[in-house]
Amino acid sequence: MAKTGVIYGINGPVIYLKGNTGFEMSEMVYVGKDKLVGEVIRLNKDTTTIQCFEETTGLAPGEIVEATGDAVSVVLGPGILHNIFDGIERPLSEIAAKSGKYITRGVSVDSLDTHKKWKTHVTVKPGQQVTGGTIIAEVPETSAITHRSMVPPNLSGEIVSVVADGEYTITEPIAVLRQADGTETELKLAQKWPIRIPRPAEKRFPASAPLVTGQRILDTLFPIAKGGTAAIPGGFGTGKTMTQHQIAKWADADIIIYIGCGERGNEMTQVLEEFGQLKDPRTGSLLMERTALIANTSNMPVAAREASIYTGVTLAEYYRDMGYDVAIMADSTSRWAEALRELSGRLEEMPAEEGFPAYLASRLSAFYERAGHMQNLNGTEGSVSIIGAVSPQGGDFSEPVTQNTKRFVRCFWGLDKGLAYARHYPAIHWLTSYSEYLGDLAPWYKNNVSPKFVDDRNQLVAILNTESSLMEIVKLIGSDVLPDDQKLVLQIAKVIRVGFLQQNAFHPEDTCVPMKKQFLMMETILHLYRKSRELVAMGQPMSVLLEDPIFDKVTSIKYDVPNDHLEMFDDYNKAIDKFYDDVLARNA
Amino acid sequence: MSIEYLGLSEINGPLVVLEGVRNAFSEEIVEFTVNGSEKKLGRIIALYEDKAIIQVFEGTDNMSLVNTHTQLTGHPMEVALSPDILGRTFNGIGQPIDGLGNIPSDIRRNINGLPLNPVAREYPRNFIQTGISAIDGLTTLIRGQKLPIFSGDGLPHNQLAAQIVRQASLGDGSNEKFAIVFAAMGVKYDVAEYFRRTFEESGASDHVVMFLNLANDPVVERLITPKVALTAAEYLAFECHMHILVIMTDITSFAEAMREVSSSKGEIPSRKGYPGYLYSELATLYERAGIVQGVEGSVTQIPILTMPNDDITHPIPDLTGYITEGQIVLDRSLNGQAIYPPINVLPSLSRLMKDGIGEGYTREDHQDVANQLFSCYAKVGDARALASVIGEDELSPIDKKYLKFGERFEHEFVGQGQSENRTIQQTLNLGWELLGMLPKEELDRVDTKILDKYYQPAEEKKE
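Residue numbers (my numbering), protein chains in the order written: chain A, 7 to 594; chain B, 382 to 844.
Treat the hints with caution; some may be incorrect.
Lysine-lysine pairs mimicking DSSO-like chemistry, simulated, CA-CA at most 27 Å apart [as the list claims (entries may be wrong)]: (1) A:K537 - B:K821; (2) A:K51 - B:K420; (3) B:K432 - A:K9; (4) A:K41 - A:K51; (5) B:K432 - B:K420; (6) B:K781 - A:K423; (7) B:K432 - A:K423; (8) A:K481 - B:K420; (9) B:K420 - A:K559; (10) B:K760 - A:K559.
Calculated from the structure, these hints are not laboratory results.
Next up, chain A with everything else stripped away, as it sits in the complex:
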């Protein structure tokens, strides 16, 4: 039967067993009489080391540890969406039903509801040859998402029999598969997959379409591709979580996996509450219908925090395999790195930089590489985009987690304390941020928004860069002494910063802005710039230009033009032309 071992030592979440137990690396184990969940992390001839995903208070040497024979895995099947799990895929609402308001130890619950009957449509026939990834059944999981159950990636063969369409639970067999060697396997709606192993895919595609988020500074200035990776680093209070919430709400992904890794409990409650009320603008159903939450708050056991990131990305890959675009919000990867550090410290490993283990970089790269726009084994296309928040200590981007993350992501949205203090949100700084996807995505913008889009975007960035070098001078001698053309650059840069980059997440129109409006706003601002520049070139002083309220008018376009009345932009362009004529007429 199952292999067992005897506890020898306990140090926080780390447990030592004496002797060669025959356990396997990464195998899931049950620890002690309370059957706490743990994982094998180190083996040698004399000791087996286990990290325990639950609080170890009350555990005593001499208690038995039982091996399960499986690596730490998640159950993949219908019921994942519209649900909230802890770091090892235990549904928190089930835990609450069993043990009340607190999370107690050794609660044994099924990851997914095994009693619920799903309306199943079987898509394979007896005699059909199938391979890993072939879709065997379709289930309407939520009103927004059809769940496609698949043959596990490591199986292939011939379908021997199937059940009729009808209502089945995730544990009932749907089809029987005969492999080449003659063994027969029952296929069910759900399957298991170890969290630390990426689910295989056929091939990777280069980035080709952006993940449209409705956030101007992201979509226009620093876009992330579908299947891309981005990092949001920032000190506390700079708005990492707000940015992640905004993307989770408005991004044009089919599925959102939100991982609250070592963060605040109230924040997860807020996501749960808010997403259960807000509607997805594209499908009209609730945001929760396309969302799964993984909550391992900062006071929950540290080893499960380490696992939560992998649990999240495995769920995402599973939905990718069905042909969906999935976006992962990981908030925050620094807490995950700290969990690694804490466990590494308990294992008395040799620390590298700032106490972090030397394998920090390889773990981070392995995680971010699980993103991508893929051709799946079953021929469908899907993507996993990873957006990871980073919480650098003291807001200092030179610390190891930020630096190592920077090496493996292609999009960097640096949050700035100064902007956050001035309540300029999103506080993403336009000078420190970058996106390597811009070149890849240029054709998309050209075909789907406007051929002028990338050019306009570059002009905007150029103005902001000029502003920043002018500000160096202004800081020394004041803005009054600048020539008028430079004063104009400062004025237009202000319009861009306040009227375009700044975005109010609590304003019904401004919280999510369609691509078309972003482009028109950009065009209007640049039109104003061109016209004003002509005036200045003709010798009109800035003081005269500023008498006209046109600059304020353009700044508040974001509030004044509703997202579905883009024809109003014509009026603005007319107003700018009129302003041009007026100034000339008055001061000819």
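Put chain B on the given structure of chain A with help from the hints.
Below, chain B without anything else, positioned relative to chain A:
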């Protein structure tokens, strides 16, 4: 009676090692008898087969390898609770020190608590009026929030906390039950005495539970004090259905104690010698604030921490800021200008504010006013920097207006009396009055409709 073990095999700082132990478990509490008379308590922090590493709360003075008898108690650290704890004073490990005897109660709770299930939490939305403009207007305190005060030595954080206690508790006059749990970790006698007197003067002392670990009390006790206090707070909130405000001072001493113990355990340090689990440990304290669905009662925390060398990037304030829902930062230069409370509003923040203010909670214009004040005050800083280079006279007219605005904002909006209790209406109106000093086109954070409704230029008013 359980087995008594004679002698110890090692003593190292606050830690002792006992060998040959049977049936001990992780986190179990042990009782020491030193020289046959003196009693001490300890906690098992690590176990290796029959060897237990034990942390001694009262310190290892007088203990030797031979004169100590050890007994296992068979339970983790627990504290006895009953509604009678209100009005009482305890030491850092929950033993009464006010001479009124023990708490007779069958209710005993493990002080380590358990993580609150996010599903069972209720998102906090109820605004607490503290009567302090800088807090109510700009970093609003919400019931169930954890909002620390980041301070420095010599700054009036205690006065501020005391004022919050006075004004928030007496504020609405509703019939909800309200109590204060006060946990002192390594603070000076004077500080503890100041709070005791404040509670007394405000007539709240029979609604206060005090846990005192003073500066000269054993260091290891400090690791227990906030946990005992929060266990009491959770009991009063979720079982006696009261609204609890927990004041914890000083978190820095707590973290230092952790570092001391960690280093004597020989653990690998991470930043500035603090153990790698500092974040998790702080989180287990702060995350115990909150509201539970369907249960009357709440735990609101105001931890106070003194930033070593006023450095907000020091690991203690830094990690705290990542866990708590905002922070109130005190500033030495404002204090130098005799502005009370010296709250530097720019780095201060309340994360729960956005959902607990506005129409139906405070007033429709609250968020916009707050944003605008922040944005304008940030510009004041730029104008001042410029003025210090080119002189005030050379500034543009608009920059001069900002300088004046900044001056009045600091003295009139942030600054107020120690017993001055402003309503939220007064605070917001004062905000508009100050914004009236600036031209309308500078107010770019306010929705056009709100601006038209509330904005009044300063000149117009004089007429």
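How the hints compare with the structure:
no.	hint	in the structure
1	A:K537 - B:K821	holds (25 Å)
2	A:K51 - B:K420	violated (43 Å)
3	B:K432 - A:K9	holds (26 Å)
4	A:K41 - A:K51	holds (25 Å)
5	B:K432 - B:K420	holds (22 Å)
6	B:K781 - A:K423	holds (25 Å)
7	B:K432 - A:K423	violated (49 Å)
8	A:K481 - B:K420	violated (66 Å)
9	B:K420 - A:K559	violated (76 Å)
10	B:K760 - A:K559	holds (21 Å)
Violation of the numbered hints given earlier is confined to hints 2, 7, 8, 9; the remaining hints are satisfied by the structure.
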